[in-house]
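Single-letter residue listing:
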Amino acid sequence: MDSSKQSDQIREHISALVDGECGAHELRSAVAALTLPQNRQEWEIYHLIGDILNSQELAVNLSSTFPTTLQTRLDAEPIHLKRANRLPHYVNSRTAYAFAAMLALVTIIVPQFAGREGAEVAAPYQSVLPFMAMNAAQSTSPLPAAGAAQHLLKPSEQNQDVESARQMLRDPLIDSYLAAHQRYSNSIYSAVEYETGPISQEAGK
Amino acid sequence: MKMLLASLLLLGAMMPTYADEALQAQALLQKIQLASQRVSYVGIFVFQHDNQLMSSRIIHSYEPGNEREKIERLDGRRREYVRHNDDVFSYQPDTRTLRTEKRETQDMFPAVLAFSSPNLSDYYQFRLAENARVAGVECRVIVIEPKDLFRYGYRLCAAVPNNLMILAQTVDSNRQVLEQIAFTSLNFSHIDESFLQSDFPETTGWKTVHGEVVAATESGWTVKKLPAGFKKIREVRRLINNHVDSPANKKSTDMHEVVQMVFSDGLATISVFIEPLDAHHQVGMIQKGSTAIAGYQLGKFWVTLVGEVPVAAIKLLSDSIEYQPK
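Quick note, the sequences are listed as chains P and B, same order.
First residue of the first sequence? That's 0 in numbering that gives the first Met the number 0, and the numbers climb one at a time after it.
First residue of the second sequence? That's 0 in numbering that gives the first Met the number 0, and the numbers climb one at a time after it.
Worth flagging that the hints you see were computed from the coordinates, not collected in a lab.
This structure is a prediction, so every number in the text was calculated from the model and none was measured.
The C-beta atom is built at its ideal place from N, Cα and C for all residues, glycine as well.
One should not assume that every hint holds.
Examples of chain B residues lying across from chain P (beta carbon under 7 Å, computed) [what the hints assert, rightly or not]:
#1 V142
#2 K146
#3 D147
#4 S184
#5 S188
#6 A227
#7 N240
#8 F272
#9 V305
Pairwise CB distance ranges, derived in the manner of DEER restraints [stated by the list, open to error]:
#10 P:G19 to B:E256: 28 to 36 Å
#11 P:T64 to B:R102: 35 to 43 Å
#12 B:D277 to P:T71: 28 to 36 Å
Which residues of chain B face chain P? A partial, calculated answer using Cβ under 8 Å [what the hints assert, rightly or not]:
#13 L185
#14 H189
#15 R237
#16 I239
#17 I273
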């Protein structure tokens with residue numbers, strides 16, 4: 000087969016796959032084609048275009064290692080099919096999770112930790128995350144990682160819960176749980192913290 | 000098609016090298032584990048976490064059947080931890096408290112594995128990097144990268160002469176170091192018995208606390224969803240301090256009982272604490288270095304999760320905790 004004609008065809012299949020219009024036959028060749036780097040680049044560009052059409056905020060340049068990292072992580076992703084029956088038939092679970100995981104990665108990479116306001120108040124803590132609000136975010140997402148990560152993007156929701164989180168920081172009990180956990184943890188600083196009380200108190204002295 | 004074939008061949012040619020290296024790196028983990036017991040040394044290690052720095056002196060001595068260790072914290076309040084095989088004595092001179100207990104794990108720094116998991120390579124990628132030099136000692140660098148979003152990566156360095164781990168870093172998905180621990184000075188030598196004695200031989204009048212836990216395999220609590228590779232390594236009932244054991248409120252000795260379940264994939268560990276609800280808890284989630292902590296109400300119970308994992312993992316567990324009395 001003429002190779003340029005073949006690559007055109009593959010490109011078509013990939014485009015169809017991105018758009019969710021891929022038939023069973025094309026699906027095979029499209030997925031197989033995605034094992035090649037140049038085709039995967041095609042796939043990413045189509046997605047980027049789609050993302051930018053949806054929202055300007057998604058116009059993010061991914062690092063060059065992103066596809067391989069994503070692939071290895073996807074392979075290890077636990078599968079939760081709770082909401083799978085609501086997906087259109089042409090979206091197989093792999094593409095759905097690819098989207099979700101990609102979204103999760105993008106949201107994690109972009110904002111890093113959103114809780115800077117909280118961090119000012121409680122110096123030793125990196126970020127303050129409202130836990131219950133995360134619960135709400137999760138229930139609408141098929142993938143826990145995506146739910147948690149999406150939530151990090153919403154500082155407005157976060158502020159509502161920052162006060163309760165601050166109080167939690169002052170809750171002396173936390174250090175007791177931390178110490179109990181470290182008894183069983185190979186946390187690299189277990190040896191330092193072994194039955195030694197809270198770091199947070201020490202910091203102030 | 001040619002391209003596909005060519006890249007397959009190339010991939011095939013590269014595979015053995017990767018596989019070899021990954022196996023070597025994993026084997027090195029086991030050697031680190033063994034070295035943490037079998038090597039005798041004196042050193043100072045520093046723990047860096049956010050903007051904090053803490054240093055401790057460690058003295059470790061090994062003869063067959065006789066493992067001794069003494070760790071002194073060099074910053075802040077004085078703390079000393081003396082161990083003879085599995086008997087642990089923790090001295091807190093400011094509160095005049097001596098805590099005695101049996102050692103519960105064998106994976107404190109400079110050890111690394113919570114248990115020997117044959118499947119670690121299913122969840123992490125292992126490779127060796129260029130040798131480094133830490134505390135004047137040449138060491139082999141192991142890079143451990145997670146394959147999903149439910150755990151962090153690690154960068155470890157094992158001393159070339161004897162595989163003692165002299166550097167450990169926890170690394171997030173952006174390859175930022177979340178926290179690290181490293182020796183700043185280290186001597187491998189025979190240890191004189193006298194160095195291993197406590198600095199507080201006279202503890203008359205001190206408060207003695209016995210740290211005891213009771214196995215609680217029938218607690219009825221289950222966690223349905225775990226990140227791949229995590230399994231329950233322990234379930235106990237233990238007492239938790241109701242207050243921080245600091246000089247300011249040293250009279251507060253009251254404790255309460257909790258069920259603690261511990262899950263690990265071999266490298267990362269998550270604890271789930273469950274207790275009847277009382278009014279004193281605050282709902283929330285915090286992240287502190289690599290440690291995520293969450294607390295929330297579940298029916299008539301209070302659940303606390305603590306783990307050196309990304310929040311996604313804490314989240315996954317917290318949504319799947321159920322009580323099923325047997």
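The hints, checked one at a time:
no.: 1; hint: V142; result: violated (13 Å)
no.: 2; hint: K146; result: holds (4 Å)
no.: 3; hint: D147; result: holds (4 Å)
no.: 4; hint: S184; result: violated (16 Å)
no.: 5; hint: S188; result: violated (20 Å)
no.: 6; hint: A227; result: holds (5 Å)
no.: 7; hint: N240; result: holds (4 Å)
no.: 8; hint: F272; result: holds (6 Å)
no.: 9; hint: V305; result: holds (4 Å)
no.: 10; hint: P:G19 to B:E256: 28 to 36 Å; result: violated (53 Å)
no.: 11; hint: P:T64 to B:R102: 35 to 43 Å; result: holds (41 Å)
no.: 12; hint: B:D277 to P:T71: 28 to 36 Å; result: violated (44 Å)
no.: 13; hint: L185; result: violated (15 Å)
no.: 14; hint: H189; result: violated (22 Å)
no.: 15; hint: R237; result: holds (6 Å)
no.: 16; hint: I239; result: holds (5 Å)
no.: 17; hint: I273; result: violated (11 Å)
When held up to the earlier numbered hints, the structure conflicts with 1, 4, 5, 10, 12, 13, 14, 17 and fits the remainder.
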